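Could you build all of it, start to finish, from the sequences and the hints given here?
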Amino acid sequence: MYFNIDDMKKGMLIFVMLLFSASFVSSLDIDFLHHSTGRNVYEAGVSDWFDAYNLEHGTDYNFLEEWYPFTRDNYPVNYWKLWISENHLEIYGEDYDVIIWKHCYPGSDVLEDIGSASADSSRKSIENYKLQYADLREKLSEYPDTLFILWTLPPRHRNHNPSFGSASSNAQRATDFTEWVKNDWLDEGSGNYENLYIFDFRGHMINPSDNFLKYEYELSHSGDDSHPNSVANNYVVPIFSQFVVDSIESFSWGICQDDSDCPNDIIGSWSSNYCENGDVYQSRINVDYSCVIPDCISEEINEKVLVEDCLEGCLDGSCIVSQNCDLTSASWSEIEVEEGTEVSLNVQGNNCDGQEVSFEIWEDDFILNDPVIITPFNVYFSGSNASSTWIVEWQEDGLNGMSGNPEYMFRASLVEDNAYVISNNLLEVSPLCSNSIIQTGEDCDDGSQNGVSCNAPYMGSCEYCNLNCEVVSLTGSYCEDGTCDSEEDFVSCPEDCEEPGEGPHIDSVSEDNLVDGDLIIITGQNFGNSPDFLLFDDF
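Numbering (numbering that gives the first Met the number 0), first residue to last: 0 to 538.
Hints are computed from structural coordinates only; laboratory data are not their basis. Only a predicted model underlies this, so the values are computations on that prediction, with no experimental measurement involved. All C-beta atoms in this analysis are idealised placements derived from N, C-alpha and C, irrespective of residue type, glycine included. A few of these clues could be false.
As the list claims (entries may be wrong) - Distance windows between CB atoms, simulated:
id : residue 1 : residue 2 : range
1  : Gly312    : Gly190    : 50 to 56 angstroms
2  : Asn206    : Leu54     : 58 to 64 angstroms
3  : Ile437    : Arg410    : 29 to 35 angstroms
4  : Gly114    : Asp183    : 18 to 24 angstroms
5  : Asn272    : Leu54     : 21 to 27 angstroms
6  : Asp28     : Glu302    : 39 to 45 angstroms
7  : Asn53     : Glu302    : 37 to 43 angstroms
8  : Ser328    : Thr374    : 17 to 23 angstroms
9  : Asp175    : Asn53     : 35 to 41 angstroms
10 : Glu302    : Asn424    : 37 to 43 angstroms
As the list claims (entries may be wrong) - Here are the simulated EDC-like cross-link-like pairs (lysine to aspartate or glutamate), alpha carbons at most 20 angstroms apart as the crow flies:
id : residue 1 : residue 2
11 : Lys129    : Asp186
12 : Lys80     : Glu126
13 : Lys181    : Glu215
14 : Lys138    : Glu93
15 : Lys129    : Asp144
16 : Lys138    : Glu89
17 : Lys138    : Asp96
18 : Lys129    : Asp108
19 : Lys181    : Glu193
20 : Lys181    : Glu137
21 : Lys129    : Asp119
22 : Lys213    : Asp175
23 : Lys138    : Asp108
Okay, structure coming up:
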């Protein structure tokens, strides 16, 4: 099983751990089989890392290491001979819980295939490596209770000069083989390889552009020693160590004595609402773990609950609700207007789009409501609203208008089923002045003649209707009003008119001195009611 530890997320690891692990063990023996490259990584702090991890998490992961094989190389063919031909694996499979195995960097001197593959061949080529790895895969799967972790091939130094092939071609083939190991090795077999994990050491060490050891990881930039330097070792220690722990905790060990050795049961999340048998349900999948010695087994339990019992069926996870139009309110757009004003009748409703509405209007009386002469037109709902208009009429309210201004209410009814709603407010109407009808609250109404004043006779009076339909009285002139009117003289009204005296004459004007434009002052008394003056331009 291959994990790229750089891309792992903690949440994903927890999920994998819960999903696949049958039992977690806290005490394990780990054996790291290596030569020089692996030893350098180990000595950079692997042991210290595991000591700290055990202390923090209460585990007992005993990390051991050894030079292996002791007297041979550790290339694929050497493992093939030791573990398959010579059956050396038995002692390791029985003594250790986790075995980590790797090759030295000369294994990256991968030569071109020649079309003559053999598992026992020491020639480093992809065709031989694949045969050897295929046999090793099947052999390792025979130890299902042992966790095997394989390191991918360490890269060569860029200055390395191989005895056979070219450095760049060999390096590319080593990378190609590594990609096959990561992506295809475990998939090409027919067995269960859940105990095989792959740590991509090569992926952390190489420069992807040339497949050689990264420049910053070289021991010497002028030499060709392919051992990674301390910078590389210090970098990879925590990554490698955490990968081992993650592999341990995701591996199904198959060891249990009772249910307490198994993972905690998993309570799933409730699904979205869905329809079943006309009602609304939710469901979730729970996982129950139990120990059937020596293995933990899991059982999926589908839990289902009724969310809502639907009366008219279910659609898309919700009960079907009656689609009948429900009239919720009605109101006038105004509450006080003058006769002849256009007002709106507004209606609201649910599920009423497209429904036709009719209207009835009454003048609200204490005993009997009086209908109006002209009713509004029918209208149709648009969404949740419908609105019609009406030109306000005047009616006498009560007996002979004794109740004041009329107040109107209306009823909006659905044409489809006669369901209705009554307006929640009243419309009060004041009379319209100048309609030639004397209505409640008016003294008069002369229509278009309202506001046209009258002329009162001498010693008499007259009346006219103003613009507010109110009667206005006017009084004519009379004696003793301070003005000598045309109907008066000194005899008939000495209080207003002067006594007759000397006739009019012109003072201080010489005819010889008059010229055009001169002012002539006329003096005298009692010129009469209508004195006439005639000026001559020739005296």
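Does lysine 129 pair with aspartate 108 here, judged by a C-alpha cut-off of 20 angstroms? Within the cut-off at roughly 15 angstroms; holds.
For the pair aspartate 175 and asparagine 53, does the Cβ-Cβ distance stay inside 35 to 41 angstroms? Given a distance of about 39 angstroms, which is inside 35 to 41 angstroms, the answer is holds.
Using the beta carbons of glycine 312 and glycine 190, state whether their distance is inside 50 to 56 angstroms or not. Holds, since glycine 312 and glycine 190 (Cβ atoms, about 52 angstroms apart) stay within the stated range.
Does the structure keep lysine 129 and aspartate 119 at a Cα separation of 20 angstroms or less? holds (12 angstroms)
Is 37 to 43 angstroms respected by the C-beta to C-beta distance linking asparagine 53 and glutamate 302? holds (39 angstroms)
Are lysine 129 and aspartate 144 close enough, with their CA atoms no more than 20 angstroms apart? violated (25 angstroms)
Between glycine 114 and aspartate 183, does the beta-carbon spacing fit 18 to 24 angstroms? With a Cβ separation near 20 angstroms, glycine 114 and aspartate 183 satisfy 18 to 24 angstroms, so the hint holds.
For lysine 181 and glutamate 137, compute the direct alpha-carbon distance and say whether it is at most 20 angstroms. Judged against 20 angstroms, a Cα distance of about 16 angstroms means the pair holds.
Would the hint linking lysine 138 and glutamate 89 be met if the CA-CA limit is 20 angstroms? holds (10 angstroms)
Can the suggested window of 17 to 23 angstroms be confirmed for the beta-carbon pair serine 328 and threonine 374? holds (20 angstroms)
Just tell me: holds or violated, for the beta carbon distance of asparagine 206 and leucine 54 against 58 to 64 angstroms? Violated: the Cβ-Cβ distance is about 37 angstroms, outside 58 to 64 angstroms.
Against the range 39 to 45 angstroms, how does the distance between the Cβ atoms of aspartate 28 and glutamate 302 compare: consistent or not? Holds, since aspartate 28 and glutamate 302 (Cβ atoms, about 41 angstroms apart) stay within the stated range.
Comparing the model with each earlier hint shows violations of hints 2, 5, 10, 13, 15, 23; every other hint is respected.
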